[in-house]
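Sequences are here, hints too, so could you generate the full structure?
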Amino acid sequence: MKPWKETEIMENDATVLYLIRHGQTDANKNMIVMGATDVPLNDTGREQADSLGRRLNDLEVDIVYSSPLRRAVDTGRRVFGGEKTFSYDARLQEFSFGEWEGMGFDDIARQYPETWEMWFKDWSRAKIPGAETFTGFMDRVLTCLGEILERHKGERVAVISHGGCIRAILASFFSPSLSRGYWQFKIENAALTEIETRPELDVLIRMNYR
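Using this note's numbering, the letters of the sequence shown map in sequence onto residues 1 to 210.
There may be inaccurate statements among the hints.
As the list claims (entries may be wrong) - Derived pair list, reagent style SDA-like, types lysine to any residue, alpha-carbon separation capped at 20 angstroms:
hint, residue 1, residue 2
1, Lys127, Phe105
2, Lys29, Asn208
3, Lys186, Asn28
Keep in mind that the hints were calculated from the coordinates and are not lab data.
Dropping the structure here:
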């Protein structure tokens, strides 16, 4: 027997959050860190976004927020077309990796072995040369999210962003530790993650839907 009534979980006051990661880029394909660097989707990424758009053809969305980086903008346009209202916010951009931007994973591991290891162990303590801080990244993403949720209570909101940002958001909802919770979630390219949020309960409805 369920400890709640189905209708109590699906009340109309819920805010529905659709988190969508951008489609594949050449950097994703070749395991190169791009972060805040503005790179386009590749052919596969465009096909992924088009496919997700077809899958979500009947999805009810009131407004779309997006990172202003091209890979997110193009994904959003391909998924939702020109029928939705888009709002762009730089706080939804990917983590800025400083000197690691444009480097392959193997090269980073070889040139920055201690920092690379710390990145996966406890990235709040990883000191990447020229990169933004863990605290700064989390603050900007979660402050932006909080403003969106406050502004659109009871609505259906899509957010087109990046793997790191979506992990940060999921960690804030479902993990007691932001730094460790970040690594609990694997976010696929051009995939949708849905959260229903209300004051008393947040529910992960689906993850990596494509």
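* Asked: Are there hints from earlier that the structure breaks, and if so, what are their numbers?
  -> none
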